[in-house]
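Engineer: Could you build the full structure based on these sequences and the hints that come with them?
So in this note's numbering, spot 93 of the sequence shown is number 549, and the numbers just go up one at a time.
Take the hints with a grain of salt, since some may be wrong.
Claimed, not checked - The calculated PhoX-like cross-link candidates involving lysine-lysine, where the alpha carbons are at most 20 Å apart (straight line), are:
(1) K563 to K492
(2) K493 to K563
(3) K487 to K563
These are calculated hints, taken from the structure and not from any lab test.
Remember, predicted model here, so these are calculated numbers, not experimental data.
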Amino acid sequence: MRELLQHLWSHYHYVIYVALMLIGLYAVLAKGNLVKKVIGLNILQTAVFLFYLAIGRHTDGTVPVTWVNRPDSIPYENPLPHVLMLTAIVVGVSITAVALALIVRIKGAYGTVDEGEILALDEAEGQGEG
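Structural biologist: Written as structure tokens, this is what we have:
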């Protein structure tokens, strides 16, 4: 048990990322308010971004530039996770914007942003037609 705690303490940032992922996942799955679901999705996305950036990081790493007489033992930062996360940030902002625009439309149509109330209104409307 002591070794496990020491291992977790030495990798505390991964524990934080997992905690953020769980908080975001909880908000997406358990909350009924659509705005809270979008906020949970953003927390989940941020945790994934931080995780990917952390795995691309090396202690004493340098920029990945090719030098003519560079020894092969010099560690360098992998640029791929950083580039992928920049793209993911742009996609995440776009998804958030579209989700909030849809929530505004849903609020105008149903008068609420609570998922349970929206489903109940849809069910009542469906029974009224039949």
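Engineer: Hints first: check each against the structure and report whether it holds.
Structural biologist: Verification of the supplied hints:
Restraint check for K563 and K492: satisfied, since their Cα atoms lie roughly 14 Å apart, inside the 20 Å limit. At most 20 Å may separate the alpha-carbon atoms for a hinted pair to count; K493 and K563 meet this at roughly 15 Å. For the hint pairing K487 with K563, the CA-to-CA distance comes to about 17 Å; that is within 20 Å, so the pair holds.
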